[in-house]
Amino acid sequence: EGIARELIFTADVIDAQEAYRIGLVNHVYPADTLLDEARKMAVKIAKKAPVAVKLSKAAINRGMQVDIDTALNVEADLFSI
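Under the working numbering, the first residue of the sequence shown is numbered 9, with each subsequent residue one higher.
Think of the hints as simulated: they come from the structure by calculation, not from any bench.
Check the hints yourself; a few may be wrong.
To be verified - Below, simulated BS3-like cross-link-like pairs (lysine-lysine); rule was C-alpha separation at most 25 Å, straight line:
1) Lys-52 / Lys-65
2) Lys-62 / Lys-48
3) Lys-65 / Lys-48
4) Lys-55 / Lys-65
5) Lys-62 / Lys-52
What the hints assert, rightly or not - Pair ranges (Cβ atoms, derived):
6) Asp-44 / Lys-65: 37 to 45 Å
7) Asp-20 / Leu-43: 22 to 30 Å
8) Gly-10 / Lys-65: 21 to 29 Å
9) Asp-40 / Asn-69: 26 to 34 Å
10) Leu-42 / Ala-19: 20 to 28 Å
11) Ser-88 / Thr-18: 39 to 47 Å
12) Arg-13 / Thr-78: 34 to 42 Å
13) Leu-80 / Val-59: 18 to 26 Å
14) Glu-14 / Val-36: 16 to 24 Å
15) Thr-41 / Val-21: 31 to 39 Å
16) Val-59 / Asn-81: 17 to 25 Å
Positions of the beta carbon are idealized from the N, C-alpha and C atoms, including for glycine.
From just these sequences and the hints, can you work out the full model?
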């Protein structure tokens with residue numbers, strides 16, 4: 009989070025390899041394979057249970073905004089269905 013804030017505030021430009029090195033992105037692909045790789049990831053996610061994906065996304069989005077105890081409660085609430 010700190011590095012992302014620094015990049016936002018300074019408007020520094022970094023390349024894909026640096027973004028990968030600092031953990032800002034999970035994968036780096038050559039331009040000629042990027043779309044295929046993105047589709048593979050989309051298909052992989054789409055094959056998962058839609059409700060589980062939706063709840064996981066909600067837990068991550070809500071949990072990032074709060075302290076650890078609240079985040080654990082959010083997760084417990086979402087996954088107690």
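Return holds or violated for the Cβ distance of Ser-88 and Thr-18 against the range 39 to 47 Å.
-> Hint holds: Cβ distance 42 Å, inside 39 to 47 Å.
Would you check the hint for Lys-62 and Lys-48, treating anything up to 25 Å between C-alpha atoms as holding?
-> Distance ~19 Å between Lys-62 and Lys-48 Cα, so the pair holds.
How does the Cβ-Cβ distance of Asp-44 and Lys-65 compare with 37 to 45 Å: does it lie in that range?
-> For Asp-44 and Lys-65 the Cβ distance comes to about 24 Å; the hint is violated.
Holds or violated: Lys-65 to Lys-48, with C-alpha atoms at most 25 Å apart = Given that 25 Å is the threshold and the Cα spacing comes to 19 Å, the pair holds.
Beta-carbon spacing of Leu-80 to Val-59 - inside the hinted bounds 18 to 26 Å or not = Check passed, 20 Å falls within 18 to 26 Å.
With respect to the beta-carbon atoms only, verify the hint that Asp-40 and Asn-69 lie 26 to 34 Å apart.
-> holds (33 Å)
Is 20 to 28 Å a correct range for the gap between the Cβ atoms of Leu-42 and Ala-19?
-> Hint holds: Cβ distance 24 Å, inside 20 to 28 Å.
Within 17 to 25 Å or not, the Cβ separation of Val-59 and Asn-81?
-> Since Val-59 and Asn-81 have Cβ atoms about 20 Å apart, the given range 17 to 25 Å holds.
Mind checking the hinted window 31 to 39 Å against the Cβ distance between Thr-41 and Val-21?
-> violated (23 Å)
Falls inside 34 to 42 Å, the C-beta gap from Arg-13 to Thr-78?
-> Since Arg-13 and Thr-78 have Cβ atoms about 21 Å apart, the given range 34 to 42 Å is violated.
Take a quick look at whether Lys-52 and Lys-65 sit within 25 Å of each other, Cα to Cα.
-> holds (15 Å)
State, for the Cβ atoms of Asp-20 and Leu-43, whether the hinted interval 22 to 30 Å holds or is violated.
-> Holds, since Asp-20 and Leu-43 (Cβ atoms, about 27 Å apart) stay within the stated range.
Comparing the model with each earlier hint shows violations of hints 6, 12, 15; every other hint is respected.
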